[in-house]
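Peer 1: These are the residues of each chain, in order.
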Amino acid sequence: MIKYFLKRLISILPVLFVVSILAFAFVHLLPGDPARMMAGTDADEATVEMLRKEMGMDRPLPIQYLTYMKNMATGDLGKSLRTKLPVYDEIMLRYWPTMYLAITGMAWSVVIGVLFGAAAAVYNGRWQDYTAMLLSVSGISVPQFWLGLLAIQLFAVHLGWLPVAGYTGKFSELILPSFTLGATVAAVMARFTLSAFLEVLDEEYISTARAKGVAEFLVMWKHAFRNALIPVVTMVGLQFGFLLGGSVVVETVFAWPGIGRYMIEAVGVRDYPVLQALLLLYSFHFVFINLLVDMVYALINPEIRYE
Amino acid sequence: MNKKIAITQKKTPFSIFLHKFKQRKTAMIAGIFIVLLVLIAVFAPLVAPHDPFKVDYGSSMMPPSFEHPAGTDLYGRDILSRIIYGSRISLAVGFTSVFVGALAGVTLGIISGFFGGFLDGLIMRTSDVLFAFPGILLAIAIVAILGPGLVNVVVAVSLFSMPTFARIVRGSTLALKESLYVRAATSLGASKKRLMFVHILPGTLSSVIIYFTMRIGTSIITAASLSFLGLGAQPPTPEWGAMLAESRDYIGVADHMTIFPGAAIFLTVLFFNLFGDGLRAALDPKTK
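So the sequence lines, in the order shown, correspond to chains A and B.
Using our numbering, the final residue of the first sequence is 333, and nothing's skipped along the way.
Using our numbering, the final residue of the second sequence is 305, and nothing's skipped along the way.
If you're looking for bench data, these hints aren't it; they were derived computationally from the structure.
Take these hints with a grain of salt, some might be off.
[What the hints assert, rightly or not] What follows is a set of in silico ranges between Cβ atoms, one per label pair, in the way DEER data are often shown:
#1 A:33 - B:267: 50 to 58 angstroms
#2 A:141 - B:163: 37 to 45 angstroms
#3 A:83 - B:53: 38 to 46 angstroms
#4 A:185 - B:164: 26 to 34 angstroms
#5 B:220 - A:75: 54 to 62 angstroms
#6 B:63 - A:233: 35 to 43 angstroms
#7 B:191 - A:224: 40 to 48 angstroms
[As the list claims (entries may be wrong)] Short derived list, chain A residues pointing at chain B, Cβ under 8 angstroms:
#8 181
#9 183
#10 185
#11 290
We put the beta carbon where it would ideally sit given N, CA and C, even for glycine.
Just chain B, same shape as in the assembly (with noise of 0.2 angstroms):
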């Protein structure tokens, strides 16, 4: 037999999640657009044709042309290249968010599964208590504690992403705890920190990756509605929430204002949401 043929006929875990991923036609779409999203953040100065900040009183809120594809804004600001620069803000603030909530919430989960008890019962009680406040009601409440701001709006919505990871994965640990190979490696005399993070840790990384993915888009959703009210970016920074609070005394007058930062916030956490719908459906073993 030829060693090829063994190689690919070998079927690993991440191979049938792959396989079955690319049978979902929309999610492999939309990964491609978060990739091209990414792209046009990190390449914003060479894609955006114009400077996002130039103020030009002569192009008050010009319609789409060709010199501005989207328009301009009140101060002649190139509405396009705002919304490339914007999607800086949008993408880190929404994946930074989630990552520190992922990571904190993970932890105390893992801890709360598979310690049990007092420790247990303070993690879960202070979630259900963070649960209490409508997200971003505890958005709101950070913000008029910390004051209005970019990174005050990422502590939010860290905090209100951290009670949900900490519920998946304790539910997890505590299936996992209980299986034959974690019972192996205890009566093997592994460490609790060995038992918690190498051997625990990997069973609950598929739901929390699910969740991870769909998380963004609420995130992104969230930190925008905060800077629509005024509360996170502050003008003249390019962000999408902030540039549509701009846009809401001219309705009417200049809809493209309104039409194009709002699709780009709209776009982008919709691709984010096919994509987890995807990630979802590949990494369910229920799903052939």
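The following block holds chain A by itself, in its conformation from the complex (with noise of 0.2 angstroms):
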């Protein structure tokens, strides 16, 4: 067991590396001098010539890499073109309400998903089953902006139960965004948990504990249920970093203060020190979430450790 958390953590090493150098490069695949544009357009020869000496763009880039890297591990992630702040402390401001949004647009979105997939399982064929999957192939058809939009209109401006938008730390203010985030994520859990379930329900010893005359609801919730759930553990993983996604757009329409209404904001200022730390944030966010879920997964599942 050990054995393979160590081995799987040492195979997220390379593609930490090489997120690490694109993340580096990126400054350095934009068109033009970074220290022009660091300077701006209207800067002449000589601030530009000291700017590019202070951000060490004289060295060769291996040096440069290295020092940039050094400074990272320190919280140094260099300062925001626009406000002069140090972007660490830009970031940190808008971290939390990133996630707050995600981890509750996660929470209901697997409940609910997890439930009506299982549903659809237990009355496959009937209107419960047809219900659900119409359900979720339209939310995974709705734009989440345009989702947003809507619930704003309904509930915000037509009928006034909620806030419009912005976050000020209450929870009404929260419904909305994290309604509209995990609605394309509870649509593909509910699938995913339907086929899952289904595979499970064609197993032997399913069809061995009906033999024996095990009560049909305890065949369902006992064997089937907690077998389906172990691919679906996976699935989680993968649509939190899709969900982290999602957050910029869904950020974006609600006017949440977030890191991902940020990153917008940064393209549009072409705020380069910040895109390039939200970048490596978001990358490293989805790096580690997929290395956390193949351990639980190693750990509900143990055919995977004698691979």
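Using the hints, build the complex out of the two chains.
Peer 2: Have a look at this one:
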């Protein structure tokens, strides 16, 4: 078990390395001279030259990369071009709102998605199945930003039940964005649970349980449901990454003060140090979540350890 | 025996597929709608009731009426006509980006699975890295480098479709490489190129086609999202996502500006997904 964990842990190192190189290269991939870009278009040659020296951009690239990594390890992500404040501080201001949104969105959508998927499997071929799957395929097809706008239109503007947008720490402000963000995930989870469940129902131990007279209710919830959940765990991890990506759109719709909306703002004003740091942050999250999922998966499914 | 009967009784893989597909009513209907949508896009100038760019300040943000079935936008432009012209952009962007992604991904996947070793490692690790960025974030990063615009959106969306195609095809290639008919072809002295593209490629196609169809929906949503965020199509282009961005400030004032363009995206993607589901069921050898 520990050997598997270590092997998996080591396997992400090259990915993290390449991701960090890409994030580093990001500023160099941009058209034009990074120093000039950071100084602004109307800066004179001397200022640009000074900035280049100051940022260490006159040194060879590998040295620059090492400096970049060293700074990053100490939490120094550079300064925002727009506000001149440290990028680290700017991100920390916005990190938790995004996490609240992602975690609440994830929580409701996994519970609802798995329940709907399981219900569709139990009532396979009946109206419950069709309703759940119709909702699910709609959930996958609906663009999040449209769903968000419709939700604002109905619940905030016309009915006036919930706030339109923004976040000041109140729970009521969390409901609509979290609903919007989780909708697609709930739909994906429902589909995935259904197919995992149906696959398990084909297994011999289900026939055995039925043959020896176990009540249908127990067959479904004790024998089938628990085994069907194993592949669902993997899906939860993958969906969390998707959710973080989706938060960019949802945060923009709801004027949510998170890192997703910050990223779009940074693209708009070409605040490259911020973009660089956010790319790195997002991909590290994604890689580590996948790692975590694999480990949980190995814990609940012993087969994988003997591979 | 009469020759005609003999022909109709012959069961080719395609006729089995067609038979199974016809049983899926929703997928059939979705397929018909997709054809209709493509026709609307192609003949947009004939179908659209108004000029999608014609500004008329006298009828700004008018609710749906007989003259303007989906109402008008801030500049008094006919929303239905803009949606009809927008279908050209969404379908073209969705299809092109998936096609480019599939072409590159399938080629890399076959090479990866067939040769194995160093090349395989390189291609698969690269796709791991691409997977490390959630799709839309990768697209945003690419647009940040290349600048906003529809062509760059296509580049971005193709790039993040690619690794999944590569993985799917690599998996099938690994399985097919060991199959009896490929071994037979090898022993007959078929060249590597021939083995890869004549013998193995057709075997991977059914999973590629399924994923291709499912992916078009996702790509249309991603492209529309990027335009909504201001990174894709720029005004006054009648793009569905960009239209929704314009509607944002008038929620509660002119609801039709939000409802119709969004419904167009939703229904288009829904039809592609239903069609893809039907294809999957019909191409899956396990279903009867």
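Peer 1: Work down the list of hints and note, for each, if the structure agrees.
Peer 2: Tested hints:
1. Between residue 33 (chain A) and residue 267 (chain B), the C-beta spacing of about 56 angstroms keeps the proposed range 50 to 58 angstroms intact.
2. Taken as a hint, the range 37 to 45 angstroms holds for the pair residue 141 (chain A) and residue 163 (chain B), whose Cβ atoms sit roughly 43 angstroms apart.
3. Against the hinted window of 38 to 46 angstroms, the Cβ-Cβ separation of residue 83 (chain A) and residue 53 (chain B) comes to about 56 angstroms, which falls outside the hint.
4. In this structure, residue 185 (chain A) and residue 164 (chain B) break the distance hint of 26 to 34 angstroms, their C-beta atoms being roughly 41 angstroms apart.
5. At about 60 angstroms, the CB distance of residue 220 (chain B) to residue 75 (chain A) agrees with the hint of 54 to 62 angstroms.
6. Between residue 63 (chain B) and residue 233 (chain A) the C-beta distance comes to about 59 angstroms, which lies outside the given range of 35 to 43 angstroms.
7. With their beta carbons about 26 angstroms apart, residue 191 (chain B) and residue 224 (chain A) fall outside the hinted range of 40 to 48 angstroms.
8. Annotation: residue 181 (chain A) was flagged as interfacial toward chain B, and the flag is violated, the nearest CB pair being 11 angstroms apart, outside 8 angstroms.
9. For the restraint placing residue 183 (chain A) at the interface with chain B, the shortest Cβ-Cβ distance is roughly 4 angstroms, inside the 8 angstroms limit, so the hint holds.
10. Because the smallest distance between the Cβ of residue 185 (chain A) and any Cβ of chain B comes to about 11 angstroms, over 8 angstroms, the interface hint for this residue is violated.
11. The beta carbon of residue 290 (chain A) comes within 5 angstroms of a beta carbon in chain B, closer than 8 angstroms, and the hint placing it at the interface holds.
When the structure is compared with the earlier hints, violations turn up for hints 3, 4, 6, 7, 8, 10 and for no others.
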